[in-house]
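Undergrad: Assemble the whole structure, with the sequences as input and the hints as a guide.
For the record, the sequence lines run as chains A and B. Sequential numbering of the first sequence, starting at 416, is according to this note's numbering. Sequential numbering of the second sequence, starting at 416, is according to this note's numbering.
Read the hints as simulated data drawn from the structure, not as lab findings. Do not rely on the hints blindly, as some may be mistaken.
Since the list can't tell identical chains apart, any single copy or any two copies may satisfy a pair.
Unchecked claim - DSSO-like, lysine-lysine: derived pairs with alpha carbons at most 27 angstroms apart:
| no. | residue 1 | residue 2 |
| --- | --- | --- |
| 1 | K507 | K451 |
| 2 | K522 | K462 |
| 3 | K462 | K451 |
| 4 | K493 | K516 |
| 5 | K493 | K451 |
| 6 | K447 | K493 |
| 7 | K462 | K447 |
| 8 | K447 | K510 |
| 9 | K510 | K522 |
Given next are the chains, with one letter for each unit.
There are 2 protein chains.
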Amino acid sequence: MPKKHEALGTHILLEFHGCPPDVIRNSDRVEKLFLKAAEISKAHIVKTVFHHFNPHGVSGVVVISESHFAVHTWPEHKFVAIDLFSCSEDLKMEKAIDFLKKELAPKAVSTLRLDRGVL
Amino acid sequence: MPKKHEALGTHILLEFHGCPPDVIRNSDRVEKLFLKAAEISKAHIVKTVFHHFNPHGVSGVVVISESHFAVHTWPEHKFVAIDLFSCSEDLKMEKAIDFLKKELAPKAVSTLRLDRGVL
Chain A
416 MPKKHEALGT HILLEFHGCP PDVIRNSDRV EKLFLKAAEI SKAHIVKTVF HHFNPHGVSG
476 VVVISESHFA VHTWPEHKFV AIDLFSCSED LKMEKAIDFL KKELAPKAVS TLRLDRGVL
Chain B
416 MPKKHEALGT HILLEFHGCP PDVIRNSDRV EKLFLKAAEI SKAHIVKTVF HHFNPHGVSG
476 VVVISESHFA VHTWPEHKFV AIDLFSCSED LKMEKAIDFL KKELAPKAVS TLRLDRGVL
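TA: In structure tokens form, the structure reads like this:
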């Protein structure tokens with residue numbers, strides 16, 4: 416797969432629809448889930464920033480040595496936008512995605528995979 | 416433009432090729448540029464995380480009330496990947512992009528605009 420090797424990074428954009436509002440409005444819980452997802456992917460965590468909006472929603476980023484995981488939740492719409500950006504082919508992204516699907520329990524998922532930095 | 420109003424967020428993915436390596440390997444400088452870009456867009460800055468890799472490259476995220484700006488640089492490839500994610504239509508994204516183009520001086524730019532959270 417030559418394309419894979421020409422790109423500096425892989426960016427997976429996930430959209431989770433129909434998530435339970437109680438889960439995705441809880442900043443601590445969302446932060447723990449994303450830390451765990453980063454761990455499962457074998458990423459090296461550098462720092463996390465999670466922010467709880469009033470009255471709704473969570474925004475958070477886990478900066479990893481291999482790039483970043485980001486999440487934004489809209490509990491009022493049962494919607495979660497996720498970005499998994501990695502410059503390493505070694506990360507177990509599928510395992511992280513399976514974990515997030517299990518925990519955030521979306522009724523529908525859309526996924527877009529993009530190469531970043533095709534030289 | 417009904418599509419715009421149906422989406423919860425706008426995600427602009429920029430790829431800057433041919434940037435001066437000295438500029439994009441400097442973590443302090445890249446952080447300052449992204450803070451300034453967030454300011455120019457009229458975003459409300461919540462927190463920033465910037466990380467300098469050894470020996471190359473910078474990864475950083477500016478978490479804003481309206482979502483996030485992220486940047487990853489590869490000085491050895493003169494390449495910068497940028498994500499501007501906003502859930503507000505009020506942000507002056509074009510002004511922020513013009514500023515980043517001016518300061519990071521890419522020789523080629525590719526831009527992808529995606530709606531996030533189309534309900």
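Undergrad: Now tell me, hint by hint, if it's right for this structure.
TA: These are the hints, each one checked on the structure:
1. K507 with K451: within (12 angstroms within a copy, 35 angstroms between copies)
2. K522 with K462: neither (30 angstroms within a copy, 32 angstroms between copies)
3. K462 with K451: both (13 angstroms within a copy, 22 angstroms between copies)
4. K493 with K516: This pair counts as within: shortest intra-copy Cα distance 14 angstroms, inter-copy 36 angstroms.
5. K493 with K451: within (21 angstroms within a copy, 33 angstroms between copies)
6. K447 with K493: within (19 angstroms within a copy, 35 angstroms between copies)
7. K462 with K447: both (13 angstroms within a copy, 19 angstroms between copies)
8. K447 with K510: So K447 and K510 pass the 27 angstroms test inside one copy only (16 angstroms; across, 35 angstroms).
9. K510 with K522: within (19 angstroms within a copy, 37 angstroms between copies)
Of the numbered hints stated above, the single one contradicted by the structure is hint 2.
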